[in-house]
Amino acid sequence: MSDGPICGVGGVVMEDGKILLIQRGRPPGEGLWAVPGGKVHLGETMTRAVQREVLEETGLHIRPGRVVWTGDSIGPGDPPAWHYCLVDFLCEVEGGDLLAGDDAAAIAWVTLEEATRWPLTPTMFDLLDALKKEW
Numbered sequence: 001m002s003d004g005p006i007c008g009v010g011g012v013v014m015e016d017g018k019i020l021l022i023q024r025g026r027p028p029g030e031g032l033w034a035v036p037g038g039k040v041h042l043g044e045t046m047t048r049a050v051q052r053e054v055l056e057e058t059g060l061h062i063r064p065g066r067v068v069w070t071g072d073s074i075g076p077g078d079p080p081a082w083h084y085c086l087v088d089f090l091c092e093v094e095g096g097d098l099l100a101g102d103d104a105a106a107i108a109w110v111t112l113e114e115a116t117r118w119p120l121t122p123t124m125f126d127l128l129d130a131l132k133k134e135w
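Take 1 as the starting number for the sequence shown in the working numbering and just add one per residue.
Everything labelled a hint here was simulated from the structure, so no lab data went into it. Incorrect hints may have been included.
Calculated pairs, DSS-like style, for lysine-lysine (alpha carbon to alpha carbon, straight line, at most 27 Å) [what the hints assert, rightly or not]:
no. : residue 1 : residue 2
1   : Lys18     : Lys133
2   : Lys132    : Lys18
3   : Lys18     : Lys39
4   : Lys39     : Lys132
Hey, can you work out the whole structure from these sequences and the hints?
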């Protein structure tokens, strides 16, 4: 763990009433489902980071739009095992070929209602609650 929180981004890709989810292939949350995303690199903007992460994990080129959710993921322990400050962007697909890659073990389009019954990372429930107010 670093000396402080790490910035992370997520790409909320919605099409035809469904959200694009990836199954995490690595800790934290290995095996759980979430929007594609990851850490922001030093010197990288958040919007560039979400474009890179979505491309790496899904094969899709996206255009990030407005922020739809922010929150924290704090691991167990004292000091905590991790602390991520998360910013999720609504994203529009601009091209590419959908294929799970990098640390995404699988990929799926699901409705917001279906997603609540999947094994999700803890912060996904808050994101879905925010999205349900809009869709």
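Hints, one by one, checked against the model:
1. With a C-alpha separation of about 15 Å, the suggested pairing of lysine 18 with lysine 133 holds against the 27 Å cut-off.
2. Of the pairs offered as hints, the one joining lysine 132 and lysine 18 holds, with about 11 Å between alpha carbons and a cut-off of 27 Å not exceeded.
3. With a CA separation close to 24 Å, the supplied pair lysine 18 and lysine 39 stays within the 27 Å bound.
4. At most 27 Å may separate the alpha-carbon atoms for a hinted pair to count; lysine 39 and lysine 132 meet this at roughly 26 Å.
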